[in-house]
Amino acid sequence: MAKTIAEINQKIKEGKAVVFNAEEIIEIARLKGVKKTAQEVDVVTTGTFGIMCSSGAYFNIGHTKPRIKLGGGRAYLNDVPAYTGLAAVDLFLGANALPDDDPRNRVHPGEFNYGGGHVIEELVTGKDVRLVATAYGTDCYPRKKLETWINIKDLNQATLFNIRNAYQNYNVAANTSDKTLYTYMGVLKPKLSNANYSSAGQLSPLFNDPFYKTIGIGTRIFLGGGTGFIAWQGTQYNPNVPRTKKGVPKEGAGTLAVIGDLKQMSPRWLVGTSVMGYGCSLTVGIGVPIPILNEEILAFTTVTDADIIAPVIDYSDAFPNLKPDKLGEVTYAELKSGKIKIKGKEVPTASRSSYPKALEIANILKEWIRTGKFLLTEPVERLPGVESGVTLKPLKERPIED
Amino acid sequence: MVVSKKVVLRFPKRMVDRPIIYRLVKDYDLEFNILKASITPEQEGLLILELKGNQQEYDKGIEFLIKAGVKIQSLSQDVTRNEERCTHCGACITICPTGAFKLDQKTRMVIFENDKCIACGLCIPACPPRAMEVHF
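Protein sequences appear in the order of chains A and B.
For the record, in the first sequence the residue sitting at position 248 is 448 according to the numbering used here, with numbers rising by one throughout.
For the record, in the second sequence the residue sitting at position 112 is 118 according to the numbering used here, with numbers rising by one throughout.
Since the hints were derived computationally from the structure, they do not count as laboratory data.
Each hint should be verified, as a subset may be incorrect.
[Said to hold, decoys possible] Beta-carbon label-pair distances, calculated as ranges:
(1) A:D378 to B:V9: 39 to 45 angstroms
(2) A:L286 to B:K108: 43 to 49 angstroms
(3) A:K450 to B:V9: 32 to 38 angstroms
(4) B:P103 to A:K541: 18 to 24 angstroms
(5) B:K66 to A:D279: 30 to 36 angstroms
(6) A:E529 to B:M21: 54 to 60 angstroms
(7) B:K58 to A:E529: 43 to 49 angstroms
(8) A:D378 to B:P103: 44 to 50 angstroms
(9) A:D279 to B:D23: 41 to 47 angstroms
(10) B:T113 to A:K573: 25 to 31 angstroms
[Stated by the list, open to error] Stretch-level coverage of chain A by chain B, calculated; a stretch enters the list once three of its residues show a Cβ under 8 angstroms from a Cβ in chain B:
(11) 245 to 252
(12) 280 to 291
(13) 422 to 435
Beta carbons: idealized from backbone N, C-alpha and C, even for Gly.
Same shape as in the complex, but just chain A (with noise of 0.2 angstroms):
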């Protein structure tokens, strides 16, 4: 029998909810029974806490007594740039962002020790961090120069919004040159040395719900340790991937743009990161919950780590030229299992996302569930699904002539 979200939501309420996480699911089912579990369980949590390099957050200061109107000056938060092409006093901080005397590649590998998503954790671990901004002054605003401490308490809103995280699916990074790699998959080292994967796998909330029947835009989420929501699909969404039978995309495919109000999260489940010979970003921790509204949408939730696909992508040409080639496809069960074939030869794996903290995730989110601290929420609208035709363009370029 189908179950809505309402009456879910009444039997979290009542603290009566039977809620368990991905991995937990996939040895009741078996057990029991998809149908059978279909009618006992109302909820499995999905978790992921992985390098997410499209977040960042924006903030409103206040206003300074004179006023000052940032939007088209600059400002610096901890040396960091923060994008001002906003009104007088918001400010959007990008985790990719470095500050301007950062040395970069110049000596190759760079070492990115502090960039944007370095400051947006600073911020919200409640530290002060330090705002110097110029503007060109005008009539109504006439201030040009601030210098000011701020803190994530004091401003009005500090709202982290990530444009692509929580990727369904991801490249499994090797490297078939002779010489070193230093990609945001890691070090890779040459001649096939080793291979990065970065997925949680069976925890992870896409491949979870592959076709995207209950993760919708308005699904409320774990997000940064605090309560967020998803706002939209998010950038590169692609739906329209080869799949397995079970529907399992079998490269990178959905993704999802996600919001929610930074000054509940926590440093813990937002972590400033460093990518060496790459960049700064953000280390994100997301937790989604399914709703299970029928077998088919409980059955999706068994997903194992031996039913995901990956494919096996060579980083010294295939990524950075954007070929189509693939060195071949492996399964998450065999990239856990800290080795992998490819063309012939075992290359030891690791991954860039960490697995235990995604499991922690969906303990946490399955707690709250449980406790009747965190309700579900019935999606605003649905997700582009295949039948959208949404696919992902390379860039055209057409060449400017004057």
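Position chain B against the provided structure of chain A, taking the given hints into account.
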């Protein structure tokens, strides 16, 4: 009894031009393997060694070093993991040349086996949350 230990030796600048390690071999019959060395004339020198030999001779050799004015630290105190920052992603596992990081297959947590560490420092910049710290 044969012992094998990794030690960090710090040479004050007045000693940099003396053949200290030679004496360890000649007088105490100790085998050494240089794991890291940074010796600059007129400055403090730093040497990370694996020393192997008879326990009694080893102790005498260490005593000789101390008397000579060399500061000694055991290596395990030098590379540490900041447990608060470590996210247990596993990025370090394939970076470490001696296999000092291991994945617990059950919990998927990354175990740092300090005694395998040779303080090469490769994991320090390769760790995304910068949880590995070196203290020389």
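Consistency of the hints with the structure:
1. A:D378 to B:V9: 39 to 45 angstroms: At roughly 40 angstroms between Cβ atoms, V9 of chain B and D378 of chain A fall inside 39 to 45 angstroms, so the hint holds.
2. A:L286 to B:K108: 43 to 49 angstroms: At 48 angstroms between Cβs, range holds.
3. A:K450 to B:V9: 32 to 38 angstroms: 54 angstroms, violated
4. B:P103 to A:K541: 18 to 24 angstroms: For P103 of chain B and K541 of chain A the Cβ distance comes to about 23 angstroms; the hint holds.
5. B:K66 to A:D279: 30 to 36 angstroms: For K66 of chain B and D279 of chain A the Cβ distance comes to about 54 angstroms; the hint is violated.
6. A:E529 to B:M21: 54 to 60 angstroms: Because 59 angstroms falls inside the window, the suggested range holds.
7. B:K58 to A:E529: 43 to 49 angstroms: Because 46 angstroms falls inside the window, the suggested range holds.
8. A:D378 to B:P103: 44 to 50 angstroms: Violated - the Cβ-Cβ distance for D378 of chain A and P103 of chain B, about 18 angstroms, lies outside 44 to 50 angstroms.
9. A:D279 to B:D23: 41 to 47 angstroms: Because 43 angstroms falls inside the window, the suggested range holds.
10. B:T113 to A:K573: 25 to 31 angstroms: 26 angstroms, holds
11. 245 to 252: holds (count 3)
12. 280 to 291: Since 0 is below three, the answer is violated.
13. 422 to 435: violated (count 0)
Of the hints listed earlier, those the structure fails to meet are numbers 3, 5, 8, 12, 13, in rising order.
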